[in-house]
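Colleague: Please model the entire structure based on the sequences and the hints provided.
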Amino acid sequence: MKNKQRGNNMMWGYIMVGPTILGLLILNIYPFIDTIRLSLSATKAFGAYEFVGLQNYMDMFASTEFWKATWNSIWFCVLTVPVGVFLALLLAILLNANIKGKSIFRTIYFLPMVVAPAAVAMVWKWMFNAEFGIINSLLGTRIKWITDPSIVLFTCAVVSVWSSVGYDAILLLSGIQNISKSYYEAASLDGAGPIKQFFTITIPMVSPTLFVVLIMRLMASLKVYDLIYMMVDQSNPALTDAQSLMYLFYRESFIAGNKGYASAIVIWTVLLIGVVTAIQFIGQKKWVNYEV
Amino acid sequence: MTIKKSSSNILTYVVLGAGAILMLFPFVWMVLTAFKSNFEAMQIPPTILPSQWNLDAFKKAMDSLPFANLYINTALLIFFRIICAVVFSSMAGYGFAKLAFPGKNLLFGIVLIQMMLPSQIFIIPQYQMLASMGLTNTIFALVFPGLVSAFGTFFLRQAYLGIPDEISEAAYLDGCNTWQAFVKVMFPLTTAASAALAVFTAVFAYGDLMWPLIANTDLTMMTLASGLSTLNGQFTTNFPVLMAGSLLAMAPMLVLYMIFQRQFIEGVAMTGGK
Amino acid sequence: MKNTKKIAAGTLAAVMAAGMVGCGGQSGTGSNGQVNLTFQIWDVGQRDGMQAMCDAYTAKNPNVKIEVQVTSWNEYWTKLEAAATSQKMPDIFWMHTNEILKYADNGMLADVSDIVETDKFSDISLSNAQGSDGKLYGVPKDKDVICLAYNKELFDQAGVAYPDENWTWDDLVTASQTIYDATGKYGYMAYADDQLGYWNFVYQNGGYILNDDKTKAGFTQPATAEAMEFYINLQKNDWCPDQTYFAEQAPGAAFLSGQGAMYLEGTWNFLPMLQNNPELNGKLAVAALPKAPSPASGDGRATISNGLCYATAANNKNMDVVKDVLKFFGSEEGQRIQGESGAAIPAYNGLEQTWVDAFKDYDIDVSICIPMFEYGVQSVNNASRPEWKTKVSDELLKIYSGQVELQQGLQNMQDIVDQASAK
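Protein chains in written order, with the numbering used here: chain A, 1 to 292; chain B, 1 to 274; chain C, 1 to 423.
Simulated from the structure, these hints should not be mistaken for laboratory data.
Values in this document were obtained by computation on a predicted structure and should not be read as measured data.
Wrong hints could be hidden among the right ones.
Result set (DSS-like, lysine-lysine): computed pairs, CA atoms no more than 27 Å apart in a straight line [said to hold, decoys possible]: (1) B/59 x C/360; (2) C/214 x A/44; (3) C/391 x A/44; (4) C/214 x A/68; (5) A/286 x B/59; (6) B/59 x A/285; (7) C/389 x C/283; (8) C/423 x C/214; (9) A/44 x C/317; (10) C/283 x B/59; (11) C/88 x A/44; (12) C/216 x A/44; (13) C/398 x A/68; (14) C/65 x A/44; (15) C/135 x C/236; (16) A/68 x C/283; (17) A/44 x C/389; (18) C/423 x A/44.
Modeller: Dropping the structure here:
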């Protein structure tokens, strides 16, 4: 009986994961393997290539532009992930409070979700314009938000957090609302205050969701491209101070036509994300709680 | 107790209110800019209200883009991507969370690897597959890269991990096979997570830029995002037109979102006391 | 749930079916001999002109249908390369000098030498459509020059005489200073662009960016270096915004809002500017570029002259029909329709006036642009231009921001181009 069920389970396992795995293999894994091949090749236009071993990687590691882009990607992560996730958690808790009009607040905070990132970047770029922008006008400053090399990445980080905080809060809120009221009632009877309840009940219970949000944000930040691409033009003198790894990839691959070199940058980015993710998955055992 | 409660309520209101202003301001500025003339928009210092509310920017945006087509294409794209993501990811998420089979970790590794890969590297190979099928400039072309979702699988696996094994074992005891246990018992327990995934899928399908630009060259087969980018290419620094275009692109999404959000929150609330 | 699955399966099938009947990226031939062609361009402003030209052709050839598709410049090349790699290029598309050698030299474009009336086009127009082997891989479409756009209102306010063809760089500097002192607005806005900026000054001064056989750069040549130094140092004047300013608004946008009096603009942009910004009517005026005061060679005049062409893929399946259409696009009739639409100056000799006349509703005289073709210099390109273009402009920005000394920066630019061109 038990064996039969196990065999049954095995077959069902393959059936259940089959469509997704097949799709991923065709749509994503094959292109990835192709990228590895390209990273070992000198590419010419229109798909022609020639095997050159590790030459692209050697060129890459010798390039200051590449190291700057790596640093920019990491720095962007540091600027956006902790602040963004903290604000999202705070927002989720506030929105879970029993107050009037919270559905209006929810609607407002989740608004950026219904705006295409292209439009978000457009309006922020316009507001941050040093010359004609409303932000400098309101603050009475002449800060070069988008063209000052020491500020530009902060500006992009602000826009990134603004766009994602509502969505992250939705995820966390659904996690918080899944926590049974009985835990809080029991804790109240034991005399635990709201702050103690927050750390002993809310955080552990919402930790699986929090983990998903963290992983998602880390990966998205390390891969950031669209936002910086739209905020920082190629004619911007601060470009090298804002250029992320994937922006560099885009410029090398699609504008300069260096697909081989660009592929090496992708492989590096994937390794970087892999290391960060692995650390997260190892670290999660310490704080993520799957026992419900 | 009541004083303490009301003072904490006031604090909540103040924090939420201040944040709400920050969230809303870009939209307000979008609207105000869209009604200005390009000349007025580029004055120093900027005027707050348009000196004359004019609709020229909207006219120009509508002349440049077939908005009706863009709305329909975007709606279809989102609809099919959600169906695919929820159905296939629920199956796979359940499989990875609750079923035992050899090679499970290896296969789940594929899911994790995909999540680490930047989507830009898929564009050219996926385009080549699509082109060899002769399917560029179609709705299918828009949906194509989203037929399956690694993130969805990962996300729903987390949701299924949160459901105690006893529940599915109880279903087996009732005579359900694995599929029936999944469809009748387990899937309904993840409504909230599935709804969250649907929102996530919709948001990304709506915002996806590079792929629709490459896959569908015909202006009438574009999405709102790729249409906006085309508008950006034409009116690079004409901010009133860009803002008007963004508003037109947002409007129906905004309405749908208001309707959808209520159901979503109710869905979440429904599973609150499981 | 069963229902959901059924719906999912049903909708997927429906999508597939929709895909089957959808129009692909490339032409199709219907059962009744109908030929459907796609025609891809990057400028929405020229869509109506292109459509009018297609309509004129299809009126005579009712069995042909041509669909004009517009993609913005930024994505055009990504898209075209993807299409070329998959052998699915549009039937007809615009080609730019920046990219033509890459496509032509890799065998992507069809040789159209046999349908171009070579005696009707200037040498520059023809060389803009040539591959490295000298064959024509495109039918010349239009031609352009770079002019000095200026704001009459600001000149009047400052009491400065309008620029004329005798102006030199010194006059440009003096007028800028006077305008800045009188109005507080910027004078000449020296943008770090190549075609719309320093290239013009380099050639005026007798320098060059690429040598005649396009194998070596000329950044370290004395005449080139002198012009580069002059141009880059313009930014040090109070009357010139720095490059961070232009990163947020191109000179055209600053000009439009009345923040600056002069900048370099290409002829293709004047009509769309006036159409989109009625406030400019009466303010915007055009002059020839100022001369180099003491050129190393030549008379100090030069302007970068570029031009687009219409091209088709080497492997197009409807080559006979496409070539017939292209032939029409390159004929006097086709070029006249394009000129009358006002978007660009026809490449076809003798039709320049059609473009000038397109401005009849506006208070501006653009006829000054036409004689400039006599001293036009072909827009700089070689096969590796896509590779060095962005690197050179990155390097130039480093000079502007002071990260690199001028001499060192020019040497770096020289090395970048030489290395890329040697491959």
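Colleague: Looking at the structure, which of the earlier hints fail to hold?
Modeller: Violated hints: 4, 5, 6, 7, 14, 15, 16; rest satisfied.
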